[in-house]
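Going line by line, the protein sequences match chains A and B.
The first sequence: position 121 = 121 (our numbering), numbered continuously.
The second sequence: position 19 = 19 (our numbering), numbered continuously.
None of these hints come from the bench; they were simulated from the model.
Please note: incorrect hints may appear among the correct ones.
Since the list can't tell identical chains apart, any single copy or any two copies may satisfy a pair.
[Said to hold, decoys possible] Cut-off 27 Å, straight-line C-alpha distance, at most; resulting in silico cross-link-like pairs (DSS-like, lysine-lysine):
1) LYS235 - LYS205
2) LYS23 - LYS125
3) LYS16 - LYS205
4) LYS303 - LYS16
5) LYS303 - LYS228
6) LYS235 - LYS303
7) LYS32 - LYS57
8) LYS44 - LYS235
9) LYS32 - LYS128
10) LYS23 - LYS44
11) LYS86 - LYS329
12) LYS128 - LYS23
13) LYS44 - LYS320
14) LYS228 - LYS205
15) LYS375 - LYS57
16) LYS321 - LYS44
17) LYS205 - LYS84
18) LYS32 - LYS84
19) LYS84 - LYS57
None of these values were measured; they are calculated from a predicted model.
2 protein chains.
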Amino acid sequence: MNNFRYNVVTDVRFGKRSILQLKEVVELYGGKNILIVYGGGSIKKNGIYDDVVSVLKDCNVCELSGIEPNPDISKVREGAKICKEKNIDCIVAVGGGSVIDTAKCIGAGAYYDSDPWDLVEDGSKIGKVLPIIAVLTISATGSEMNKNAVISDKTRNIKLGTSSLDFIPKAAICDPEYLYSLPSIQTAAGTADIMSHIFEQYFRKDTGATVSDHIAEALLKTCIEYCKVAIDEPKNYEARANLMWASSLALNSLISCGKEGAWSCHPIEHEMSAYYDITHGIGLAIITPRWMRYILNDSNVSKFAQYGRNVWDIRESDDKKCAESAIDKTENFFKECGIPMTMKEVNIDSSKYEIMAEAAVRNNSLDKAFVPLNKEDIVNIFRMCE
Amino acid sequence: MNNFRYNVVTDVRFGKRSILQLKEVVELYGGKNILIVYGGGSIKKNGIYDDVVSVLKDCNVCELSGIEPNPDISKVREGAKICKEKNIDCIVAVGGGSVIDTAKCIGAGAYYDSDPWDLVEDGSKIGKVLPIIAVLTISATGSEMNKNAVISDKTRNIKLGTSSLDFIPKAAICDPEYLYSLPSIQTAAGTADIMSHIFEQYFRKDTGATVSDHIAEALLKTCIEYCKVAIDEPKNYEARANLMWASSLALNSLISCGKEGAWSCHPIEHEMSAYYDITHGIGLAIITPRWMRYILNDSNVSKFAQYGRNVWDIRESDDKKCAESAIDKTENFFKECGIPMTMKEVNIDSSKYEIMAEAAVRNNSLDKAFVPLNKEDIVNIFRMCE
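Turn these sequences into a full structure, and let the hints steer you where they fit.
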């Protein structure tokens, strides 16, 4: 097991009507002049916006809305400007990963004198960060409990990740009932994103970090047990709650403790959504099983067999058969959740395969992935998705 | 799933030679005048004491040694006095649960004007607490990452738990190599303690907190996979590291998220070790499988069967048979780890069964346990341990 540091300070307030703790939380973490950051109109329709504004009625509140999926640097610039002008001391991010990631970069941009894009390109330039409080409205990215942010520059088809320990939200309000109004496809895509986060950390070089891998298996089982329940019964509290908490734990560094190596599917999908603006989780569901099938070989077959046995409960003593069956089950699971599983279904043709593959290799460390991938490998994986 | 708050701030520095980060950590968490708290002579023999003193050579250091298993309030009083007299601003606890628990109460006692025993009897009296930094030398209690402390008053055979969010250590130095010199029986007893912590949280009223239960299963599997390896090969890094990290995660509130109810075996064992001063983990190993067998009934058999299938990989479709087999395997596992598994072997006769059972019921909430237990139940469980 490699040496590691684990330091997740987020004060999670989880459960029904946890929004009522927002005021206490904002005060605990030093906020009076608040910037509320959110996306489109959905939180106005489902009542979450009213909840937040009502709880914070005694604070000085500014707003920045219109954060879109695959959030753009332009909104970070806008938010950082507001923070400087209005002397903001705390950012409340009401949304999912896109909103929280934007809030993190705004929080750093507030203390940065030049263009915040610098902070996306080079995380080492991130200095002080305003405290971030997340109010979660979709569970997928784990951004509410981690140090990462992914921001795009849509004018240039660039999507990059950056991070800082000070990006970790000081607190997170997680109410599973806030997920009741999510459309099925978002529940499915969100779960695919959670599962992909787990796969990215599970399928790594073996460093003997068994406990991390067993916890990863526990989280995967939870996703598989509850995703279809949440789709069939959107107001099933148990399903929403288990998915929501699994989502935070999947990417708060818990299951990468003691492990090493780079991610595989996220870098590839980032280029798909940079060029086509498809839903991140859908892109991941399309790529993941094909990537598994492409990289499966004699030296990693035992890890895929472990996945099959411990997650899918496959009773097959032959490692190869067990691994293949686990990959098939993974693909079928995404299909059964209603996710479009081919490039054709999401209107991606082969015209940009080469450009996307090249960008994926250029912008990431795919040579350090579980099985190293070059441009040709990625094009081959794209073709398997047709 | 019940509402919960999860807020574990400990900055864990895990791995080989992580002691070299102690100075940085002490400074990060505001320490110059340090009180080092430790137990007997073992850290002087195995070099850990020298490591600590050498890393902290530029600080003002005081020492309090001689903390014993089932630590006594007298040492808390002594430590609190030193903190007040020497203007201590940070406590470095070098040891296992006994030492860290003592340090926590000293940290609270430093700010308390009356007898620190008040803080053990009534946690609500705990106010400010000096920052605690743990340097772990045995993995078992999880005290390095949680808010709990258990202190005895040996003059009165009382052993009580107390807690405060401010008891959570600000940082923990966890070097698995520090466990290399542990005797087999301590490795075994420590693992029994870890497993008991997990059982106490796993066997609870069903609130739908599936993800917590799956993580509990992951931690149990890790204990079972590595305990005998660590006993057979005391310097097997992978075994020591996995047990060490599983131990912290087993009792940092992660696997009780969303659950409710009181503990069962710990309250019973606390009375055994209050009256007989036996090793806590050994007492737990003796009690646990008998408690399981005693409480197994139609309404909880499915949970025990789940334990059997997900932890022990028992392929038995009949719940009752699966549950019984899982309990047998639990008992055999402790036996195979070399733990004395009867009252006779640890020199406990029946003379104090009634007194201990009465105290267990009086000092705890056994009426709120997974299966509520009264005095008679506990005497019956004691008899099953003969």
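Quick one: which hint numbers does this structure break? Sort them smallest to largest. 11, 13, 15, 16, 17
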